[in-house]
Amino acid sequence: MKKVYVGMSGGVDSSVTAALLKEQGYEVTGVFMKNWTQDLPGFPCPWKEDFNDAKRVAVQLDIPFKVYDFQKEYAQKVVDYMLDEYRAGRTPNPDIMCNQEVKFKLFLAAALDDGADMIATGHYAKTIDGRLLRAADDNKDQTYFLYRVTHEALQKTLFPLGEFASKEDVRKEAKRLGLATATKKDSQGICFVGKVGIREFLSQYVTTKPGNIIDDLGRTIGQHDGAIFYTIGQRKGLGIGGGLPCYVTGKDMDKNEVYVTRDITSNNLWTESTKLVDVHWITSEPVSGNTYQVRTRHRAKLEAATLLFEESKWNVIFKDKLRAITPGQSIVVYDNNEVLGGGIVI
RNA sequence: UGGGGCGUGGCCAAGUGGUAAGGCACCAGUUUUUGGUACUGGCAUUCGCAGGUUCGAUCCCUGCCGCCCCAG
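The first sequence finishes on residue 345 if you use numbering that gives the first Met the number 0, and the numbering steps up by one all the way, no holes.
Everything labelled a hint here was simulated from the structure, so no lab data went into it.
Quick caveat: nothing in here was measured; it's all calculated off a predicted structure.
No residue lacks a Cβ here, since even glycine has one placed at the ideal position from N, Cα and C.
Any given hint could turn out to be false.
Straight-line distance between alpha carbons at most 25 angstroms, and here's what the computed PhoX-like set of lysine-lysine pairs gives [as the list claims (entries may be wrong)]:
#1 K208 with K235
#2 K47 with K33
#3 K184 with K174
#4 K139 with K21
#5 K174 with K47
#6 K235 with K21
#7 K33 with K76
#8 K104 with K65
#9 K254 with K208
#10 K2 with K104
#11 K155 with K2
#12 K166 with K21
#13 K174 with K254
#14 K183 with K235
#15 K166 with K139
Label pairs and their computed distance ranges (CB to CB) [what the hints assert, rightly or not]:
#16 W280 with F42: 17 to 25 angstroms
#17 D116 with A303: 37 to 45 angstroms
#18 T282 with A303: 44 to 52 angstroms
Please model the entire structure based on the sequences and the hints provided.
Here you go:
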């Protein structure tokens with residue numbers, strides 16, 4: 000009987016994951032990863048609540064329950080990474096880093112060390128022979144967040160929810176199983192900051208100064224309270240009225256300037272190609288010159304793009320120009336249903 | 001201080017005698033395990049100010065204030 004350690008966050012998805020595996024005959028142990036516990040002014044960190052929910056479900060399922068404390072590593076690998084990227088003027092994706100560094104590295108290692116044969120999470124994805132495949136439910140597919148997980152880690156991972164046709168089915172399953180978390184609301188936003196906006200979070204760690212908002216004709220048309228808060232394609236929060244909406248097209252951290260356009264078709268907003276850094280390919284790299292499907296943000300539709308390896312860098316040439324391709328964000332490459340890997344926009 | 005034009009919510013902007021369109025911004029909500037996007041809803045008892053005409057004025061008249069343009 001295989002021993003599986005299931006990462007239980009206290010949400011429905013991981014609860015169902017644990018329950019299903021147990022039902023399938025695995026020897027399941029629930030593990031709550033304690034990654035972040037700090038409160039922010041006005042926003043208590045929800046970790047305790049989540050912990051209680053996870054524990055509650057473990058008791059219901061009558062499975063062993065453990066807590067792994069990764070706070071130190073999480074702060075370093077995820078939060079510091081995120082802050083550094085923002086300071087550098089890029090827009091990072093901390094959840095991708097969390098999967099790479101914490102869930103599918105630290106957690107996996109600790110679980111194996113504890114005697115586990117496999118780990119499992121409530122991600123909507125499939126894995127076969129250490130390959131990563133899109134979830135059956137295209138609407139919930141979370142492979143975008145998982146492209147940096149290694150082949151070796153995937154070989155020891157189970158994603159039971161990948162076969163579900165919809166989130167509704169997962170909820171039904173949770174109800175059928177009578178899980179305490181069956182009706183718990185889905186979490187959104189960066190996992191560790193909970194309900195807090197990224198803006199409030201960053202404010203705690205960086206000092207910011209007001210600066211100019213400049214349009215494509217070089218005119219200063221407004222003021223912002225810190226370039227770090229803005230990202231490419233952003234519309235809200237600029238406070239500029241009159242005429243058409245404004246979208247951020249770029250920023251200069253040294254000058255503390257934010258650039259915008261009112262022209263939704265502006266070339267500053269639409270990109271036809273980009274280079275990737277820190278690429279990660281799960282089993283093998285793409286064939287240079289071939290066309291694949293890429294995803295430039297979670298839940299964005301797959302877009303055709305040609306991958307070209309030139310001057311030691313992977314270039315992505317989109318079939319159609321894409322909106323708001325943002326440095327620091329990830330582009331994930333798909334070969335039909337399989338995730339080949341991806342990289343970070345330079 | 002001669003001529004012309006304008007002043008509608010934070011911004012842009014319709015209306016022009018019958019009781020304030022629309023867009024942007026903003027706020028709220030929905031969607032979303034990143035940022036962001038998108039979607040839905042809310043948002044001027046009031047039209048620079050003061051008088052007058054009228055049953056009734058943002059719309060007509062007078063004066064004042066402010067702004068712009070052309071002449072200078």
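Hint check results:
no., hint, verdict
1, K208 with K235, "19 angstroms, holds"
2, K47 with K33, "9 angstroms, holds"
3, K184 with K174, "14 angstroms, holds"
4, K139 with K21, "23 angstroms, holds"
5, K174 with K47, "23 angstroms, holds"
6, K235 with K21, "45 angstroms, violated"
7, K33 with K76, "14 angstroms, holds"
8, K104 with K65, "17 angstroms, holds"
9, K254 with K208, "11 angstroms, holds"
10, K2 with K104, "18 angstroms, holds"
11, K155 with K2, "11 angstroms, holds"
12, K166 with K21, "20 angstroms, holds"
13, K174 with K254, "54 angstroms, violated"
14, K183 with K235, "29 angstroms, violated"
15, K166 with K139, "7 angstroms, holds"
16, W280 with F42: 17 to 25 angstroms, "38 angstroms, violated"
17, D116 with A303: 37 to 45 angstroms, "39 angstroms, holds"
18, T282 with A303: 44 to 52 angstroms, "22 angstroms, violated"
Comparing the model with each earlier hint shows violations of hints 6, 13, 14, 16, 18; every other hint is respected.
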